[in-house]
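J.: Residue-level listing of the chains:
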Amino acid sequence: MTDLLTTPRPADTPDAGQPKKTLLERYVALSAPIRWMTAAALGILLLSIVQEISGEGSSVLTEPGTSGAMLRFAVPILLAGLGGLFSERAGIVNIGLEGMMIMGTWFGAWGTVNFGSPWAGLICAAVGGALGGLLHAVATVSFGVDHIISGVAINILAPGLTRFLSDQVFSRWDGGSITQSPRAVGLPKIDVPLLAGRGGSTNWLGSIDDRNWFFVSDVAGFLEGAMQGLSLFTIIAFLLVPASGFVLWKTRIGLRIRICGERPEAGESLGVNIYLHKYIGVITSGAFAGLAGGFIAMELAGLYREGQTLGRGYIGLAALIFGNWRPGGVALGSLLFGYPFVLALRDSTGLGTRALLLVIAIALVGMLVYSLVKQNKTDSAIAGVLAAGVFVWWSLSSTAPNWLPNTMPYATVLLVLVFMSQRLRMPAADGQIYRKGG
Amino acid sequence: MNQSTLRRAALGVGAPVAAVAFAVALSSIVLIVSGNNPITAFADMIEYASRLETIVDILNEATPLYLAGIAAAIGFRMNLFNIGVEGQYLIAAFFAAAIGSAGFVVDLPGPLHVAVILLVAMSVGAAWAGVAGALKVTRGINEVISTIMLNFIAVGGVIAWLLVEFQDDSGATNSGTTPLPESGRMPSLNGILEIVTREISKGRELTGVLVVALVVGVGYHLFINRTRIGFDFRASGFNPLAARAGGVPPKRMIMYAMLLSGAVAGLVGMFEVLSDKGQYSQSFVRGIGFNGIAVALIGRNNAVGVAVGALLFGFLSSSSGILQITGSATPEIVEIMKGIIVLSAVVAYEVVRRIRTRDEARTAAEATQRSDTDSAPLDGSEVTA
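Chains as they are written, first to last, in the numbering used here: chain E, 27 to 464; chain L, 189 to 573.
For reference, chain E alone in the conformation it holds in the complex (with noise of 0.2 Å):
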């Protein structure tokens, strides 16, 4: 402590002739997992004092409940911006996702009815999406189509598909129809030991929770309750954040998927091959997507449903953007996106959903103060603005309407991406159609 105080870093005096480093910088500065955990803590805090002031019924923002909802809510999202962050580190854009989505939740459904296994469920739904992937790279890569219409035509084409193997497959199957699969179980569930273990075993984050400390009980509790029936699912999807982040930037076929994306040319001269690269990333992307769909048939629903993936792999891609195209932040974004499913889907008496309005403000306001200490005046009025209306209908309202928390989802996406789409750099040839030798 004095060590501190009387050698202070350079950089921690305004007067050292260097600018004076923001507390946000020096939070970047920090290591990865110290960083996470200083987020959601702010996260869970700033919950926890909305709970506080809303008052009863608003329980469902922390309860434990919740975050195992929040997990399983964020993993499609969270697989399918992965899919996304493939695709379009190899220079593809891939909106098609929805589709493949679409292709995973019918070919998981599927394998884990025909083979009994949710194991041969999770593979089917890989492979389907895959397939989708493989269109997909055939008409951006070898054809040279418009990344976005070749997406939109698999988006077509795959409820198309779907329905119409459901008539064969499904419709001729115990308790299927032309819209529907038979039930489909997800992967075995687990709790995690001494920390969160039930009936009767050692559960030290749920004594912590009965005591009703402010904040550590919240922060307990919202552990306890992501680390109860955790889906074996679950818990790859979320491997697969580190493991896309070190196959992309730690090992020679990542840097060469990379290169396609930022400088292709250049990778040609160097010998790698492009198309068969462009090829890796889109399949991939597709597979990811298929495990998103599946995680919906399979964790989500039990069993496929026509129109399930609701956008979903839409919304993988706003997190994509939001995460700046970076497996850690794509998974930022699909908890920040997912979080709003969940209380559509728990929120029964709209009270959570009021009290979210709230942090919502508050989120606002704090980008409202970023703007003005930035001197951004443009992003001071919007945030202004939207923080005060936000506030107000907050304050007016006792519960909110039934359709809001439909609509949050989507409306968070819209509202994110006002402040960030400028802040955010997109692989240099994302998008861009590549002809060898050209």
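FYI, nobody ran anything at the bench for these hints, they're computed from the structure.
In this text, all values refer to a predicted model and were calculated from it rather than measured experimentally.
There may be inaccurate statements among the hints.
[Said to hold, decoys possible] Residues from chain E that face chain L, not an exhaustive set, calculated with beta carbons under 8 Å:
hint : residue
1    : F169
2    : S176
3    : V178
4    : F190
5    : D193
6    : Y340
7    : I347
8    : P427
9    : Y436
10   : A437
11   : V444
12   : Q448
All C-beta atoms in this analysis are idealised placements derived from N, C-alpha and C, irrespective of residue type, glycine included.
Once you have looked at the hints, place chain L on chain E.
T.: This is chain L only, laid out in the frame that chain E set:
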């Protein structure tokens, strides 16, 4: 010269025909694999489509598709991907139906009533698309993402919220706006069609919105090809940097394109509001926006091409119903066909574009070679002299 013009024309027509042929071949294989006879299935569909009543169905089906196609095409011409036609037409149809059946508007005389409804639809559609345009121009948000989010917000948010307010019967299970009176309906075109054919039976009515679609199609063609701003549109889409250097303001062009695209998208739901149901309800027809994008892609954003695409999709949708009745195949096969047609059409167009570029390069190379050989003796004589 004449031969190359012929070759160009053949390539232009060949691509979509090849795409359809490919789709027919591929879906035939699918039908054979699933144990059906593709020849009987397609024969059934074509036979059914040649009936007058089915033709009316096809035209009714194609009318909103065409409008959606033109709406998407306006954006595509400028390299703007208005994926939000879906949300724009739904929210426009809702407001048009709600305002058309409320207040003083409901008492307006026939043509004026319809005009007000059309105007409301176009304004609301333009406004909703304009949000995406403004977000792109001022905040740099990609229109693909924003229009998709706006689709969900329109249906799950705005309409879900306001539909309850405008509901005619609070006890009804299927909530909807108050049905429009006769003055707010578009007259059917049966009379005109019957001049050249026989009497249309089975209660089929050819929609009057077809006229609106034709006007929009002609207007679109003239606008893009015959006006200054239409030229600026194409220029910005073709080469935004060059257009900008030539004095075309890119941001204003984006706003114009989105507003115009949204205004046309607003008309898509008018078949159901003005001709068919006369109200917006929870069971309002969905998905025309996305099919419209497909139709625009098949038609290469050309007024006539989009019409062909819309009629093709209309044919597939309308005549697939017969498959269920005759049992020769499952009607779902047409959904696959639609997808394959779109995908193979865009691939075929790209292949044709490459062949043309190669042809042009070859012609140019031949021309320069010819001029080189022409001038060679001259150079030689100069050197010797």
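J.: Work down the list of hints and note, for each, if the structure agrees.
T.: Results for each hint:
no.	hint	result
1	F169	holds (5 Å)
2	S176	holds (7 Å)
3	V178	holds (6 Å)
4	F190	holds (4 Å)
5	D193	holds (5 Å)
6	Y340	holds (5 Å)
7	I347	holds (7 Å)
8	P427	holds (6 Å)
9	Y436	holds (4 Å)
10	A437	holds (6 Å)
11	V444	holds (5 Å)
12	Q448	holds (5 Å)
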